[in-house]
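Sequence lines, in order, name chains A and B. Numbering-wise, the first sequence is residues 1 to 122 according to my numbering. Numbering-wise, the second sequence is residues 123 to 367 according to my numbering.
Because the hints were derived from the structure by calculation, they are not lab data. Cβ atoms here follow ideal geometry from the backbone N, Cα and C, with glycine treated the same way. It is possible that some hints are incorrect.
[Unchecked claim] Derived BS3-like pairs: lysine-lysine, alpha-carbon spacing no greater than 25 Å straight-line: (1) B:K275 - B:K259; (2) B:K249 - A:K52; (3) A:K52 - B:K259; (4) A:K67 - A:K52; (5) B:K275 - A:K103; (6) A:K115 - B:K310; (7) B:K310 - A:K52; (8) A:K115 - B:K249; (9) A:K115 - B:K275; (10) A:K52 - B:K275.
[Claimed, not checked] Just the calculated beta-carbon pair ranges, DEER-fashion: (11) A:N46 - B:S323: 44 to 52 Å; (12) A:V37 - B:D214: 50 to 58 Å; (13) B:P243 - A:S89: 18 to 26 Å; (14) A:N46 - B:I224: 52 to 60 Å; (15) B:L356 - A:K103: 41 to 49 Å; (16) A:G66 - B:N334: 35 to 43 Å; (17) A:G33 - B:V347: 53 to 61 Å; (18) A:C36 - B:K216: 25 to 33 Å; (19) B:C265 - A:H53: 23 to 31 Å; (20) A:D105 - B:D206: 23 to 31 Å; (21) A:D56 - B:P204: 29 to 37 Å.
[What the hints assert, rightly or not] Anything over 12 Å on all C-beta distances counts as not near chain B; from chain A, calculated: (22) G34; (23) R44; (24) T58; (25) V59; (26) L70; (27) H77; (28) S79; (29) S89; (30) C96; (31) C106; (32) I116.
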Amino acid sequence: MNLLRAIILLSILSMFYGTVSAVSMPKLDIGLGGQCVDDPKYMRQNHMHMLKHQRDETVRQGIRGGKFSLSECVNCHASKKDSNVLGTSEHFCQGCHEYAAVKIDCFECHSSKRKILAGVVK
Amino acid sequence: MTDQVNLDRRQFLGKASVAIAGIVIAPGMMLYDFAHARPEGEAASAAIRWGMLIDTTQCESGCEECVTACNKENGLPAAKSPTDVQWIRKVDLKQISTGRQISLPMMCQHCAEPPCVDVCPTKASFKRADGIVLVDKHRCIGCRYCMMACPYKARSFVHEPVLDHDTDMPRGKGTVESCNLCVHRVDKGEQPACVEACAKSGHRAILFGDLNNPNSEISLRLRNVASTQLRADLGLNPGISFVGL
Chain A
1 MNLLRAIILL SILSMFYGTV SAVSMPKLDI GLGGQCVDDP KYMRQNHMHM
51 LKHQRDETVR QGIRGGKFSL SECVNCHASK KDSNVLGTSE HFCQGCHEYA
101 AVKIDCFECH SSKRKILAGV VK
Chain B
123 MTDQVNLDRR QFLGKASVAI AGIVIAPGMM LYDFAHARPE GEAASAAIRW
173 GMLIDTTQCE SGCEECVTAC NKENGLPAAK SPTDVQWIRK VDLKQISTGR
223 QISLPMMCQH CAEPPCVDVC PTKASFKRAD GIVLVDKHRC IGCRYCMMAC
273 PYKARSFVHE PVLDHDTDMP RGKGTVESCN LCVHRVDKGE QPACVEACAK
323 SGHRAILFGD LNNPNSEISL RLRNVASTQL RADLGLNPGI SFVGL
């Protein structure tokens, strides 16, 4: 009886797990893609620390030309269709942040568009 | 170790280029121009103090070139109402007893002892090593203490959402901002946008440079011409001085 219960429980759990992962894994438009800073798995877990560390050095001490630039993230990973990292759940930043249920603050102030299209060429 | 080697090489190249400039070009403005481009990866240095000398006798009433250039460079909308953002504005003054009129640009005075930095509860308002006073918007909570503390009314609060973001000058609703001497341009070795625009219009009323370097053009002018700091009585030692006030 216990064995039967365990089997039923396991099968229900595996079904549930299967549907959840199939539904919610984000399918991202990675734009130009490619690896520029570090391994994608490492980036997925640590990009926020890199950005935060460098932004403080740049703003407060004036150290320019660092490796972890938000505008460079956007330049590569903005969608090829509309040059944006935000918009739908397929867009690079928004898609993954929706999946992880983490609010992005960056683009309240920073541009989410690829530099050339944002009209910044002066 | 490799970083160290690269840094030494960079410093050597930097010094070598300055030395070559000193040999090839007559001393004066060009030498100073070479000296202020900072290599990437290097922090702003306290050996430099950026400042401006504004010649009110060259500034023309009605000319708004500096304001337009500032707005364009930093992605600011043209100010329409009194609560709109202004990093620089033109002020016309008239001495009633004599009728003498002058015009001048007003912006953050980049004080050596900035009261906005003293009052900031989050240390968002700060003075960089090279004397530029600016707001770290990552830390700004929009309390506006700095706006109240500033005797020059140089700061503005962003009341409205910013829709069209500029990649080089991030701005957002709920933060305080003011003239940052075009810090992104200065770091590249360029002049602030207003200085460039003023020179282009033929007025040449704003001179920008390093106050700590005794041979810079601005230091030479300050040594030879009578100049005034605004509200010098407050003892804030602004980095901006005026001629002909």
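Against the structure, the hints:
| no. | hint | result |
| --- | --- | --- |
| 1 | B:K275 - B:K259 | holds, 19 Å |
| 2 | B:K249 - A:K52 | holds, 20 Å |
| 3 | A:K52 - B:K259 | holds, 13 Å |
| 4 | A:K67 - A:K52 | holds, 12 Å |
| 5 | B:K275 - A:K103 | violated, 35 Å |
| 6 | A:K115 - B:K310 | holds, 18 Å |
| 7 | B:K310 - A:K52 | holds, 22 Å |
| 8 | A:K115 - B:K249 | violated, 29 Å |
| 9 | A:K115 - B:K275 | violated, 33 Å |
| 10 | A:K52 - B:K275 | violated, 31 Å |
| 11 | A:N46 - B:S323: 44 to 52 Å | holds, 48 Å |
| 12 | A:V37 - B:D214: 50 to 58 Å | holds, 51 Å |
| 13 | B:P243 - A:S89: 18 to 26 Å | violated, 38 Å |
| 14 | A:N46 - B:I224: 52 to 60 Å | holds, 56 Å |
| 15 | B:L356 - A:K103: 41 to 49 Å | holds, 42 Å |
| 16 | A:G66 - B:N334: 35 to 43 Å | violated, 26 Å |
| 17 | A:G33 - B:V347: 53 to 61 Å | holds, 58 Å |
| 18 | A:C36 - B:K216: 25 to 33 Å | violated, 58 Å |
| 19 | B:C265 - A:H53: 23 to 31 Å | holds, 26 Å |
| 20 | A:D105 - B:D206: 23 to 31 Å | holds, 24 Å |
| 21 | A:D56 - B:P204: 29 to 37 Å | holds, 34 Å |
| 22 | G34 | holds, 20 Å |
| 23 | R44 | holds, 22 Å |
| 24 | T58 | violated, 9 Å |
| 25 | V59 | violated, 5 Å |
| 26 | L70 | violated, 9 Å |
| 27 | H77 | holds, 14 Å |
| 28 | S79 | holds, 16 Å |
| 29 | S89 | holds, 22 Å |
| 30 | C96 | holds, 21 Å |
| 31 | C106 | violated, 9 Å |
| 32 | I116 | violated, 9 Å |
Consistency with the previously given hints fails for numbers 5, 8, 9, 10, 13, 16, 18, 24, 25, 26, 31 and 32, ordered from lowest to highest.
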